[in-house]
Amino acid sequence: MSMHPITLKVNGKPHTLLVKSNELLVNVLRDKLFLTGTKYGCGIAECGACTIMKDKRSIMSCLVPAVVADGWEITTSEGLSKGDKLSPVQEAFVDLAAIQCGFCTPGMVVTATALLHENPNPDEDFIRDYLRGNFCRCTGYVAMSKAVLAAAAKMKEEAQ
Amino acid sequence: MNTKILENEFEYSKPGSLEEVLETLATKQNVRIFAGGTDLIVKLKLGALPDMEHMLDINGVEELGKIETRADGLEIFAGAKLWSIESDRRVEENYPALREAIQAMASISVRNMATLGGNFCNASPVADAVGPVMCYGGKVRMQSKRGAREVNAVDFFLAPGVSVLEKGELLTSVYLPAPKAHTGHAFVKMGRVKSDIAKISITAVLEREGDRIASCRLAMGSVAARPLFLKAIGEGLAGKAMTEALAQETAQNISDFIKPIGDNRTTAEYRTDVAKVIARDALVSAWKNSGGTL
Ligand SMILES: Cc1cc2nc3c(=O)[nH]c(=O)nc-3n(C[C@H](O)[C@H](O)[C@H](O)COP(=O)(O)OP(=O)(O)OC[C@H]3O[C@@H](n4cnc5c(N)ncnc54)[C@H](O)[C@@H]3O)c2cc1C
Ligand code: FES
Ligand code: FES
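Here the protein sequences line up with chains B and L, keeping their order. Oh and the first sequence: position 86 is 86 in this note's numbering, straight run, nothing missing. Oh and the second sequence: position 53 is 53 in this note's numbering, straight run, nothing missing.
By construction, these hints were calculated from the structure, which means they are not laboratory data. Warning: the hint list may mix true and false statements.
[What the hints assert, rightly or not] Derived lysine-lysine pairs resembling DSS-like cross-links, with alpha carbons at most 25 Å apart:
no.	chain 1	residue 1	chain 2	residue 2
1	L	K4	B	K54
2	L	K14	B	K20
3	B	K56	L	K66
4	L	K43	L	K14
[Unchecked claim] Looking from chain B toward chain L, a few residues come up when the C-beta cut is under 10 Å (computed):
no.	residue
5	S2
6	L17
7	L18
8	N27
9	L33
10	I44
11	A45
12	G48
13	T51
14	D55
15	C62
16	T111
17	L116
18	R132
[Claimed, not checked] For the chain L half of the interface with chain B, some residues (derived, Cβ under 8 Å), not all of them:
no.	residue
19	F10
20	Y12
21	M190
22	R192
Only a predicted model underlies this, so the values are computations on that prediction, with no experimental measurement involved. Don't be surprised by glycine CBs; every beta carbon is placed ideally from N, CA and C.
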């Protein structure tokens with residue numbers, strides 16, 4: 001069958017690509033655009049490793065056929081920092097050691113970034129609930145929740 | 001097997017109008033609608049839909065993404081994402097059981113993609129958002145090249161994965177009538193962890209008149225081959241004074257009535273036993289939410 005031309009804006013940069021109908025966005029990001037921050041875990045929207053952002057909301061790229069994403073503007077974990085300067089969420093994850101092996105981290109920070117777009121003043125319950133689709137086999141989640149609280153405080157400080 | 005790509009290639013289209021969607025549905029072979037894809041793509045990955053030839057994306061039709069106030073209720077169109085429904089003020093105020101059921105589904109990232117129409121059309125007996133729509137007296141609106149029709153949500157489901165939706169038909173919207181005063185609700189779901197598919201769920205919506213139940217509608221998930229509307233048991237409560245004993249007796253009746261199976265999520269015994277507990281809790285919370293005391 002034929003190839004489909006699609007345009008994608010990823011982290012502000014436009015791309016034109018040819019994809020097959022049965023290719024998934026997560027694979028296009030990783031294998032064609034070499035944005036390997038986005039991870040492939042379960043493949044069925046259960047683990048959150050492949051989370052990206054569209055319209056400031058988190059989605060799972062493992063369930064999105066690339067043809068469906070034609071015309072989309074998306075942000076991956078690579079797009080969160082500004083040059084060498086980490087985003088407040090990324091910085092807080094580093095500072096509070098909310099990372100061990102790091103496999104879940106890109107999905108986790110993308111979801112946390114979307115969380116803070118939706119609610120800049122989250123409490124711990126809100127954070128735990130929001131991150132419930134992002135699995136981590138290493139850290140035990142407590143550090144992440146603290147990191148999101150710290151990032152929220154930092155962002156408020158910076159806004160003042 | 002869960003594959004890294006989808007096994008087979010297919011045609012893809014994303015029309016900009018409802019007319020074109022219906023035209024494609026009428027003329028193409030083996031078409032599947034893509035609304036949020038959270039059931040469809042998983043099924044394709046597991047090889048459960050080997051005959052799909054055309055994927056029809058309805059997200060290009062702007063009017064299908066809306067949630068509209070009607071003179072006598074609320075109309076939620078097929079492309080509206082679950083998160084936009086759960087964060088809608090009208091839903092929060094008038095249909096809180098629907099909001100709670102949606103918030104109990106999957107994770108935020110899945111709800112940013114998935115739709116209410118998809119939850120209906122997938123026709124799983126566990127579908128969480130279906131019970132509240134049944135209990136609020138909701139209707140399902142469908143359209144094809146042949147015309148439009150509407151069925152009560154309680155009559156939509158036939159068997160696992162099978163609904164009254166015919167070939168060439170699109171679910172266009174779910175319609176919810178305005179609730180009456182002194183309406184109380186409850187949605188209770190038991191899962192292993194919060195983002196899980198339900199082992200069992202129940203919705204109760206009742207109208208209170210003083211210390212009596214004026215009417216009551218009950219629905220359960222994961223206890224039958226389709227989402228189960230407990231018509232007779234709900235209707236039997238009309239006119240009765242609400243007491244703890246009535247809640248317990250009704251819960252026992254429900255537990256005796258259902259014939260659940262055991263599957264990979266839990267056993268039939270668990271479902272029968274737990275039904276008793278969550279039915280009692282749901283009735284009591286719905287009563288309290290309607291302003292009643294016990
Ligand atoms: C990780 C995960 C967790 C989940 N957890 C839950 C849960 O807790 N509770 C729950 O109930 N569900 C759950 N689901 C299932 C799924 O997310 C829901 O059923 C969702 O509402 C489906 O909506 P969708 O728009 O993604 O449907 P799609 O996948 O787009 O469609 C589902 C089916 O319906 C058809 N269809 C869709 N829209 C229409 C239409 N308008 N007209 C005609 N046919 C149509 C499609 O062709 C397809 O066959 C989960 C799924 C995942 C992946
Ligand atoms: S790889 Fe997408 S959620 Fe697990
Ligand atoms: S840090 Fe290892 S999976 Fe989360």
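Status of each hint after checking the structure:
Of the supplied pair hints, the one linking L/K4 and B/K54 holds, its CA atoms being roughly 22 Å apart against a limit of 25 Å. Using a Cα cut-off of 25 Å, the hinted pair L/K14 and B/K20 holds, with the two alpha carbons roughly 15 Å apart. The straight-line distance between the Cα atoms of B/K56 and L/K66 is roughly 19 Å, inside the 25 Å bound, and the hint therefore holds. Straight-line distance between C-alpha atoms of L/K43 and L/K14 comes to about 20 Å, which keeps the hinted pair within the 25 Å bound.
Because the smallest distance between the Cβ of B/S2 and any Cβ of chain L comes to about 9 Å, under 10 Å, the interface hint for this residue holds. For B/L17, the suggested interface contact is broken, since its CB lies about 15 Å from the closest CB of chain L, more than 10 Å. With a cut of 10 Å, the hint placing B/L18 at the interface with chain L is violated, because the nearest CB-to-CB distance is about 13 Å. Restraint check, B/N27 versus chain L: the minimum CB separation of about 6 Å is within 10 Å; hint holds.
Checking B/L33 against chain L: minimum C-beta separation of about 16 Å lies over 10 Å; hint violated. Annotation: B/I44 was flagged as interfacial toward chain L, and the flag holds, the nearest CB pair being 5 Å apart, inside 10 Å. For B/A45, the interface hint holds, the least distance from its beta-carbon to any beta-carbon of chain L being 5 Å, beneath 10 Å. With a cut of 10 Å, the hint placing B/G48 at the interface with chain L holds, because the nearest CB-to-CB distance is about 7 Å.
Residue-level restraint check for B/T51 holds (minimum Cβ-Cβ distance to chain L is 6 Å; threshold 10 Å). A hinted interface residue such as B/D55 counts as satisfied when its beta carbon comes closer than 10 Å to some beta carbon of chain L; here the least separation is about 9 Å, so the hint holds. Look at B/C62: its Cβ gets to within about 8 Å of chain L, closer than 10 Å, so that hint holds up. Evaluation of the B/T111 hint against chain L yields a held restraint, the C-beta minimum of about 7 Å falling below 10 Å.
Taking 10 Å as the C-beta cut-off, the interface hint given for B/L116 is violated, the closest approach to chain L being about 13 Å. Proximity of B/R132 to chain L holds as hinted, the smallest CB-CB distance being about 5 Å (cut-off 10 Å). Interface hint status for L/F10: upheld, as the beta-carbon distance to the closest one in chain B is roughly 5 Å, under 8 Å. Using the Cβ-Cβ criterion of 8 Å, the hint placing L/Y12 at the interface with chain B is satisfied: the shortest such distance is roughly 5 Å.
Against a cut-off of 8 Å between C-beta atoms, the interface hint on L/M190 is violated, since the closest Cβ of chain B lies about 16 Å away. Restraint check, L/R192 versus chain B: the minimum CB separation of about 12 Å is more than 8 Å; hint violated.
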